[in-house]
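Take these sequences, add in the hints, and give me the full structure.
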Amino acid sequence: MLIQQLVNGLTLGAVYTLIALSFSLVMGILGVLNLAIAELFMLGGYFGFAVLMAQLPLPLALIAGMAGAALVAAIVERIGYQPFRAAPVVTPMLSTLGFSIILQNVATNVWGSDPLQLTDEVLSGRFNIGPVSVSAIQLTVLGVTVLLVALLAFLVQRTSIGRALRAVAENRDVARLLGVPAGRITLIAFMLSGALAGAAGVLIGVHYAAITPYIGVEIGLKAIAVMVVGGTTRIWGALIAGPLMGVVEVMTVAYGGSQIRDFVVYGFMILILLLRPQGLLGGGRSDQGQRV
Amino acid sequence: MLRVRDLVVRYGAIQAVRGIGLDIAQGEIVALIGANGAGKTTVARAIAGLLPYRGEIAFEGEVLKPNNAERNLHHGISLVPEGRGILGTMTVQDNLLMGLYVRRDKAQAMKDLAALLERFSILAERRHLLASLMSGGEQQMLAIARALLSKPKLLLLDEPSLGLAPKMTDAVFTMIQDLRREGLTVLLVEQKARQTLKIADRAYLVETGRVITSGPAKEMIDDPVVSETFLGGRATAAHP
Ligand SMILES: Nc1ncnc2c1ncn2[C@@H]1O[C@H](COP(=O)(O)OP(=O)(O)OP(=O)(O)O)[C@@H](O)[C@H]1O
Ligand SMILES: [Mg+2]
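Same order as they appear, the protein sequences are chains A and B. Position 238 of the first sequence, counted from 1, bears residue number 238 in the working numbering, the numbering being contiguous throughout. Numbers in the working numbering are just positions in the second sequence, counted from 1, shifted up by 1000.
Treat the hints as calculated values from the structure; they're not laboratory data. Glycine included, every Cβ here is placed at the ideal spot set by N, Cα and C. Keep in mind that a hint or two might mislead.
What the hints assert, rightly or not - What the simulated footprint calls covered on chain B by chain A, stretch by stretch (three residues with Cβ under 8 Å from a Cβ of chain A suffice, anywhere in the stretch; the number is not a length): (1) 1077-1084; (2) 1087-1093; (3) 1096-1109; (4) 1200-1214.
Stated by the list, open to error - Label pairs and their in silico Cβ distance ranges: (5) A/L271 <-> B/T1091: 30 to 36 Å; (6) A/G183 <-> B/R1127: 51 to 57 Å; (7) B/H1128 <-> A/S133: 41 to 47 Å; (8) A/G31 <-> B/R1104: 30 to 36 Å; (9) B/G1037 <-> A/T159: 56 to 62 Å; (10) A/A210 <-> B/R1071: 46 to 52 Å; (11) B/S1132 <-> A/Q117: 48 to 54 Å; (12) B/E1182 <-> A/S160: 42 to 48 Å.
What follows is the structure in C-alpha cells.
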C-alpha cells in the first residue's frame, strides 16, 4: 500500500517537476513569474488530446502539445512580457495573469467547461512487481519526464544556446557584450518553458484520460509551490521538490483525506518561505546568481 | 578608427556625460582618465553599445546605433567592463566558450582558444574551476582573454587594475602593451593615471562628464592641470 502510494506520488511528482522547471526557467533567467504557464500546461493537454482523438499516436500528441504551448508562450512573451521589460517585476506578472485568464476563457469557449474524456485507452496494461502495480501510462509519464529533463539538462549545460541562457540569467549586460542577442534568448527561454508545460499537460491528460479548462489552476499553479520548495534561484531544485511534493500530496490524500490536500501542499510552501526562503537546495546568499 | 562627437548620456535626471568628443586611431593606446564619478565608465559603456545616448559614435567610418552591443561586437568593438564581468556561476572554460559565441568560423575559433590557453597557462590549469573561485588577477586575465576570443579590433578596458595587487597591475599593463604590438587598438579607462600615461600614446582627462584636457600622454604627465587634479599635486609631479 505504502509503496503503491509512493509510485502514484512519483507519477504526479513527475508532472509537477516538468511544470516547476517550466516556471523556474523563466524565473531564473528573467526573475519574472510567468503565471500564464499554468494555462500553457492546460492548453498543451488540449492540443495533445486533439491529436489523440484524431487516432494519432502518443508521441505525436506530445510533440503537438509541446509545440502548441511553445507557440502560445512566444505570444505571451512578445505581448505580455517584452513591452514591460523595463517596468517593475509586478507589471509583467500582472500581464501574464491577464493572459492566463484569457487563455482559460478561450479554452472554455473552444472545448466547453465540461471535462473532455479520452474514449479509447491510449496505453493499456499494468505491470505487477510484487504488491506494486504500475500502469503503462505511469511508466510513460515517468519515462517521458526523465527524458525531457535529460534533454533540458543537456541543452542548458552543454550547448551554445544553453550557455547563452545561463549568461543572460547571470548578467544580461555581460551577455550582450559577448554578442548574445538577449531579446532572442528571452524568447527561447519562454518557448522552452512553454514546451515543458505543454508536455506536462499531455502527460497528465493521458494519465487521467480526461482534461478540463481548470486543470491549470488545480495542478499548474501547484508547481509554483514546487518551485519555491526547490528554490527559486536554482532550477534543478525542482528535480527533488517535484517528486517530494507529489509523494506528500498523494500520501496526504491516502491517509488524511483529499479535503486537506491543498492545505498541506501550499502550507508546505509557506513553511519553506518562512524557514528556508532559498529553498531546500538553494545555498546561501552567495549563489543568488546561480539560477540556471 | 573611432570617432565620438558631442556624446551626451543621462541616467534619468542625472547627466553623466555632457558632450564628450574623442578620437582613436588604428593601433593606438588611448587613455581615458579621471576621478571617481567623472563619467569614464559611462563613455565606455556607450561606445560598447550598452546605453542609449545622444551625439554620434562612428567606428571605421560607420555611424553606430546606440544601445546595440551585439552589433558593435560584430563591428569589432569589445568591452571588458568595470568589475571584470566574469560569469561567476560558470566554469573558466564556459566563460571562454562564451567569448567564442559570435564566431562563425568554429574550427578556427577552437584553434584560437587552444592558442589562447597556451598563452594564458593559468586559465588552462583552472579550466574546470568555477570562475568566481579565481583570484582577482586571474579573473581579469580571464575577462581579457574572453574578450580577445571575439577577435576585436578595438578593445575597451574599464579599470582593469581595479582591486589588483601592484604586481598583477604591472602584468596587466604589460599585457596591454603586448596586445597593441600585435595590432590591437586599446581604449584604457583608468584611475591609476601615472602608470596609464606611461603606456598610453594619447590621453583624455575627464571631469564631471566633460573632457577638460587631452593630448599626447607624455605631455599630459607634465601638464599642471593633470598633476594638480589628478596626480596628487605639483609636489608629487616634481619628485616622481
Ligand atoms: N546606473 C546609473 N544610474 C544612475 N546614475 C549613474 C549610473 N551609473 C553611473 N551613474 C552616475 O553617473 C556619473 C558617472 O558615473 P561613471 O560610472 O561613468 O563614472 P566613472 O568615471 O566611471 O567613475 P569610477 O571611477 O568610480 O568608476 C556618476 O555621477 C554616477 O553616480
Ligand atoms: Mg568607472
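Here is what the structure says about each hint:
Three residues within the 8 Å Cβ limit are the bar, and the region 1077-1084 of chain B against chain A gives 3, so the coverage statement holds. Residues of the region 1087-1093 of chain B lying with their CB closer than 8 Å to a CB of chain A number 4, which satisfies the three-residue condition for coverage. A count of 5 residues in the region 1096-1109 of chain B with a Cβ less than 8 Å from any Cβ of chain A is obtained; the coverage claim is therefore met, three being the minimum. With 0 residues having a beta carbon nearer than 8 Å to a beta carbon of chain A, the region 1200-1214 of chain B misses the requirement of three or more and the stated coverage is violated.
In this structure the supplied range 30 to 36 Å holds for A/L271 paired with B/T1091, their Cβ-Cβ distance being about 35 Å. The hint said 51 to 57 Å for the Cβ distance between A/G183 and B/R1127, and at roughly 31 Å that hint is violated. Judged by the Cβ atoms, the range 41 to 47 Å given for B/H1128 and A/S133 holds: they are separated by roughly 45 Å. Range check, A/G31 to B/R1104: Cβ separation about 32 Å, and the 30 to 36 Å hint holds.
At about 41 Å, the beta-carbon gap between B/G1037 and A/T159 misses the expected band of 56 to 62 Å. Take A/A210 and B/R1071: their Cβ atoms lie about 51 Å apart, and the range 46 to 52 Å holds. For B/S1132 and A/Q117, the Cβ-Cβ distance of about 53 Å falls inside the hinted range of 48 to 54 Å, so the restraint holds. Remark: the range hint 42 to 48 Å for B/E1182 to A/S160 is contradicted by a beta-carbon distance near 27 Å.
Going through the hint list in order, the structure does not satisfy hints 4, 6, 9, 12.
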